[in-house]
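Visitor: Given chain A, put chain B in place with the hints provided.
Order-wise, the sequence lines are chains A and B. Sequential numbering of the first sequence, starting at 1, is according to full-length UniProt numbering. Sequential numbering of the second sequence, starting at 1, is according to full-length UniProt numbering.
No lab work stands behind these hints: they were computed from the structure. The beta carbon of each residue, even a glycine, is placed where N, CA and C say it ideally should be. A few of these clues could be false.
[To be verified] A short list of chain A residues far from chain B (calculated; beta carbon distances all over 10 Å):
1) Asn-98
2) Lys-141
3) Arg-203
4) Leu-247
5) Gly-267
6) Pro-344
[Claimed, not checked] To give a feel for the contact side, a few chain B residues facing chain A, derived at Cβ under 10 Å:
7) Arg-140
8) Val-153
9) Cys-192
10) Glu-213
11) Leu-265
12) Gly-303
13) Met-415
[Stated by the list, open to error] In silico PhoX-like pairs for lysine-lysine, Cα to Cα no more than 25 Å straight-line:
14) B:Lys-428 <-> A:Lys-111
15) A:Lys-214 <-> B:Lys-113
16) A:Lys-164 <-> B:Lys-113
17) B:Lys-312 <-> A:Lys-141
18) A:Lys-250 <-> A:Lys-218
19) A:Lys-191 <-> A:Lys-214
20) A:Lys-41 <-> B:Lys-342
21) A:Lys-41 <-> B:Lys-339
22) A:Lys-252 <-> B:Lys-113
23) A:Lys-246 <-> A:Lys-206
24) B:Lys-113 <-> A:Lys-218
25) A:Lys-39 <-> B:Lys-294
26) A:Lys-39 <-> B:Lys-312
27) A:Lys-110 <-> B:Lys-428
28) A:Lys-252 <-> A:Lys-194
29) B:Lys-149 <-> A:Lys-110
30) B:Lys-342 <-> B:Lys-372
31) B:Lys-294 <-> A:Lys-35
32) A:Lys-39 <-> B:Lys-256
33) A:Lys-218 <-> A:Lys-191
34) B:Lys-342 <-> A:Lys-39
35) A:Lys-218 <-> A:Lys-206
36) A:Lys-41 <-> B:Lys-338
37) B:Lys-256 <-> A:Lys-191
38) B:Lys-113 <-> B:Lys-149
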Amino acid sequence: METAPAYHLILEGILILWIIRLLFSKTYKLPETYKLTEKEKEDLIEEWQPEPLVPPVSKEHPAITYDVVTGPPSHKIIINGKECVNFASFNFLGLLDNERVKEKALASLKKYGVGTCGPRGFYGTFDVHLELESRLAAFMKTEEAIIYSYGFATIASAIPAYSKRGDIIFVDEAACFSIQKGLQASRSFIKYFKHNDMEDLERLLKEQELEDQKNPRKARVTRKFIVVEGLYMNTSDVCPLPDLVKLKYKYKVRIFLEESLSFGVLGEHGKGVTEHFGVNMDDIDLISANMENAVASIGGFCCGRSFVIDHQRLSGQGYCFSASLPPMLAAAAIEALNIMEEDPDIFTVLRKKCEHVYSALQGIPSLKVVGVSFAPALHLQLERGSGSRVTDLQRLRSVVDYCLDRNVALTVARYLEKEERFLPPPRLQA
Amino acid sequence: MTESSATKLLNGDACHRTLHGKNASKNGYVKNHCLFQQSQKYRRAREKRQNATTNPSLYQKPFVESFEETPLLVAVLTYMGYGILTLFGYLRDFLRHWNIEKCHVAREREQQKDFVPLYQDFENFYTRNLYMRIRDNWNRPICSVPGAKMDVVERVTHNYNWTFEHTGTVVKDVINMGSYNYLGFAENTGACADAAVEVTHAYGAGVGSTRCEMGNLDVHEELELLIARFLGVESSMAFGMGFATNSMNIPALTGKGCLILSDELNHASLVLGARLSGSTIRVFKHNNMQSLEKLLRDAIVHGQPRTHRPWKKILIVVEGIYSMEGSIVRLPEIVALKKRYKAYLYLDEAHSIGALGPQGRGVVNYFGLDPKDVDIMMGTFTKSFGAAGGYIGGRKELIDYLRCHSHSAVYATSMSPPVAQQIITSMKIIMGEDGTSLGADRLRQLSENTNYFRRKLLDMGFIIYGNDDSPVVPLMLYMPAKIGAFGREMLKRNIGTVVVGFPATPIIESRARFCVSAAHTKEMLDTVKICSLVQRYYQLERHLML
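Chain A extracted, bound-state conformation:
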């Protein structure tokens, strides 16, 4: 057998020694995992100062003191001791002070007490709730309705129940705050389209369709929704519902309609914007409204087909994890529905009055009216803003004070400046 040449052996020996050294040497630690000594940690803990829990609020902030209302907030309202004509509450049908509604609420109070002491799942379901749900479903001619105990929470719980991470929602820019919170809670992709601009929406939908064609597998499981309001709270105009329904079938998107201001106002029988435009109720997947405006109670409801609504009974957060609506408020809502069904003339009266007020408000110097003529809630905006929101608000506040002195109650529309996505300019609400 040949012996290997000497240099060969030496090289191999060196290699083996190197390998042994590598095997037994310490592992190389990345600088990420530095270790602080206990003393350094204590020092850091001592030094750290948090911000104050809340920043101080200046005394001139407009919302720091509220106007105090004594007595019922109906047509005539007593603010800070002064009696005024109430142009600021959302009491569209005037049912806040109605004797029949009060009687029914009292009867229910005498039977059930005030609170329900439990969520719907745990003995918080009363026969009044079931009756209200079936009456609402019958009134709106849908299969089923579901009640929430707070108007704000209605749409804010309904949207995240259906739309999850990865789904796409097309929303109007002027959507109200509760819709924005619902969108935020759902963690879906939000795409805003310009207010009431159907071409903008169609452009977005077309873009989405192209995306879908590139990735059909993902598109097959991505749900798409359009969320609009019947009568917008922020701009007081109506959404173009028939165009939306056409877009729905063309691009296969579902429609969620929020009818807080238009329920009990628009349409011949007060059924809302679907009746106003003559659209078939089945074409809308979900209609949500709150009962705090026309119906003069507290709470909200969603109605639609059972296929859609039943899901919320287990996954609507504001429904499952919250106490149910106090039965006296549900009874008040039922009675308000009764009045609405018996007497459809009140809607025509309301519309006439809206038109009257609208035409009377035209022509006020330096204030322009925002909204359609038959909207019960109008906005008065400054013609020329001064550029600074604070001065505009102060001027509007002085207008409000002037009106209060003459016994007319108006209010400055309040928005949370930092939280709104598209902040509307300062305005008065009437």
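Guide: Relative to chain A, chain B alone:
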């Protein structure tokens, strides 16, 4: 409490939960969270939920909580039970798909069949196959005051719980162990109801405007002053819904760059509020102070993830009584930690306000602490006051800030006037300001009922979770079949209970939950003996489990 009682407990006897001297080793190993915990002879080596207290001197009286670990055989049987149910679920889905079995599930419209499906099939698997079978235990409609006794509307189903029909009869006088009626204020007669009637006559039922605009009635102002006095804080603010109080005010207080440390078992409203705020959320183990301290230290020392900038604020979010476990928060330790590490404390007293404490002022009163130590005290009126809504109490700067910046004050309707009046009247009764001793009587009755009920159930051999003083009493069932059986059998015997399973609890820890009320009489609690009949039949007794 005093030194002598401390030394007595040091011997380790008083805290043991062995029953009638039975050997602890035979039962599921009992873990005590006694303060003065000594090495117990029969303690299992590795305890799943270790909550050893660090500072026993902070507590005025012994803090006794127990969360017995699931016995091994029971856990195995429970998993097997769920496995069998899942297999059957797949089988039924298969049959429904091939139309061999009639399908009651609602279907999408014909015109929208080619839309992307609204629900994934698998999402609803649990609902379709497991929840549907025992659905009659929930959403039971009632038609009377939810007091100590109630009238349940009878329902019958002809197609295995897919649809219900009301037979028209009403089951009268069912003992109500399910409603959150701790002080018995759910009543339709008496001072509260009369005051509410007057206010309805004067103000109507609705309000029609937000707090900021036209919705601030004088009733609300009076209510807020009263709440501040009740809690012992500078100022307070009331909202129309308890769930919304959490989900709308936490985002107003914290934002990006802040840290929220929340308990594992916090309520959905707190979780939603924390998510909506945009802050970083870290979860610590339930009621475990070492876990919380570790998180605090790590957070302050290392700062924000990746950038290592210091945190703007740290907020610790806990509840007073946890409604699924029946445990009470370890408030003295949390306050000590908060002071040391300069964090802020948000306390949600939904279940504990009115129910704990010698004067009924909640968990702060129960531990004898200063209300000014808790930065944000939040609670709801649904449980002990028999109304609806929530409140937040704290320093004047905090409440002024919330008046301007809370989502609820600006966008959501204010509380209904009769509801506000109910709260005012009931709070005055609890404080004793109405001139009677009704409030003090009810508080005493509640704590007596709680102690009696818990002791009785333990004596009978059930596994009960939670603190000895909490009026929420969870009774462990574990197996899925027992959930349905327990609920139905109790209703047959005229007792209305609440049973909970997955997903509200971990999958093998299903339970029945009793809510003790001051309105319950001793006789009503004694009918709990009926439980023993049920228990014998379903083998809930501890010694039969192994």
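Visitor: With reference to the structure, classify each hint as holding or not holding.
Guide: Okay, the hints, checked on the actual structure:
Against the 10 Å criterion, Asn-98 (chain A) falls within the reach of chain B, whose nearest CB is about 8 Å from its own CB. No beta-carbon of chain B comes within 10 Å of the beta-carbon of Lys-141 (chain A); the shortest separation is about 15 Å. Distance check on Arg-203 (chain A): its Cβ is at least 21 Å (rounded) from any Cβ of chain B, clearing the 10 Å threshold; non-interface status holds. Its beta-carbon lying about 13 Å from the closest one in chain B, Leu-247 (chain A) satisfies the requirement of being farther than 10 Å from that chain.
Every C-beta of chain B lies more than 10 Å from that of Gly-267 (chain A), the closest at about 21 Å, which supports listing it as non-interface. With a least CB separation of 21 Å from chain B, Pro-344 (chain A) remains clear of the 10 Å interface cut-off, as annotated. The beta carbon of Arg-140 (chain B) is positioned within 10 Å of a beta carbon in chain A (closest approach about 6 Å), and the interface hint is therefore held. Interface restraint check for Val-153 (chain B): the shortest CB-CB distance to chain A comes to about 6 Å, inside 10 Å, so the restraint holds.
Interface restraint check for Cys-192 (chain B): the shortest CB-CB distance to chain A comes to about 7 Å, inside 10 Å, so the restraint holds. Checking Glu-213 (chain B) against chain A: minimum C-beta separation of about 4 Å stays under 10 Å; hint holds. Because the smallest distance between the Cβ of Leu-265 (chain B) and any Cβ of chain A comes to about 13 Å, over 10 Å, the interface hint for this residue is violated. Checking Gly-303 (chain B) against chain A: minimum C-beta separation of about 9 Å stays under 10 Å; hint holds.
Using the Cβ-Cβ criterion of 10 Å, the hint placing Met-415 (chain B) at the interface with chain A is satisfied: the shortest such distance is roughly 8 Å. Proposed proximity of Lys-428 (chain B) and Lys-111 (chain A) is supported: the alpha carbons are some 23 Å apart, at most 25 Å. Distance restraint check for Lys-214 (chain A) and Lys-113 (chain B): the Cα-Cα separation of roughly 22 Å lies within the 25 Å cut-off, and the hinted pair is therefore satisfied. Only pairs whose Cα atoms come within 25 Å are accepted, and Lys-164 (chain A) paired with Lys-113 (chain B) is accepted, the gap being roughly 20 Å.
Restraint check for Lys-312 (chain B) and Lys-141 (chain A): the C-alpha separation of about 52 Å exceeds 25 Å, so the hint is violated. Note on Lys-250 (chain A) and Lys-218 (chain A): the hinted pairing holds, with a Cα-Cα distance of about 19 Å set against a maximum of 25 Å. Taken as a hint, the Lys-191 (chain A) and Lys-214 (chain A) pair is honoured in the structure, with Cα atoms around 19 Å apart against an allowance of 25 Å. Restraint check: the Cα-Cα separation between Lys-41 (chain A) and Lys-342 (chain B) comes to about 15 Å, which is no more than 25 Å; the hinted pair holds.
At roughly 17 Å between alpha-carbon atoms, Lys-41 (chain A) and Lys-339 (chain B) fall within 25 Å of each other, so this suggested pair holds. With a C-alpha separation of about 10 Å, the suggested pair Lys-252 (chain A) and Lys-113 (chain B) falls inside the 25 Å cut-off, and the hint holds. Proposed proximity of Lys-246 (chain A) and Lys-206 (chain A) is supported: the alpha carbons are some 14 Å apart, at most 25 Å. The straight-line distance between the Cα atoms of Lys-113 (chain B) and Lys-218 (chain A) is roughly 18 Å, inside the 25 Å bound, and the hint therefore holds.
Our distance criterion of 25 Å between C-alpha atoms is met by Lys-39 (chain A) and Lys-294 (chain B), whose separation comes to about 16 Å. About 23 Å separates the Cα atoms of Lys-39 (chain A) and Lys-312 (chain B), which keeps this hinted pair within 25 Å; it holds. A distance of roughly 21 Å separates the Cα atoms of Lys-110 (chain A) and Lys-428 (chain B); the hinted pair therefore holds under the 25 Å criterion. About 20 Å separates the Cα atoms of Lys-252 (chain A) and Lys-194 (chain A), which keeps this hinted pair within 25 Å; it holds.
For the proposed pair Lys-149 (chain B) and Lys-110 (chain A), the alpha carbon gap of about 16 Å is at most 25 Å, so the pair holds. Simply put, Lys-342 (chain B) and Lys-372 (chain B) have alpha-carbon atoms about 14 Å apart, close enough for the 25 Å limit, and the pair holds. With a CA separation close to 16 Å, the supplied pair Lys-294 (chain B) and Lys-35 (chain A) stays within the 25 Å bound. Using a Cα cut-off of 25 Å, the hinted pair Lys-39 (chain A) and Lys-256 (chain B) is violated, with the two alpha carbons roughly 30 Å apart.
A threshold of 25 Å between alpha carbons decides the hint, and for Lys-218 (chain A) with Lys-191 (chain A) the separation of about 18 Å falls inside it, so the pair holds. Proximity of Lys-342 (chain B) to Lys-39 (chain A) is assessed by CA-CA distance (about 18 Å); at most 25 Å being required, the pair is judged to hold. Straight-line distance between C-alpha atoms of Lys-218 (chain A) and Lys-206 (chain A) comes to about 17 Å, which keeps the hinted pair within the 25 Å bound. For the suggested pair Lys-41 (chain A) and Lys-338 (chain B), the alpha carbons sit about 17 Å apart, so the restraint of at most 25 Å is met.
Distance check on the hinted pair: Lys-256 (chain B) and Lys-191 (chain A) sit about 22 Å apart at the alpha-carbon level, within 25 Å; holds. Distance hint between Lys-113 (chain B) and Lys-149 (chain B) is unfulfilled; the C-alpha atoms sit about 48 Å from each other, more than 25 Å.
The structure does not agree with the numbered hints 1, 11, 17, 32 and 38 stated previously, though it agrees with the rest.
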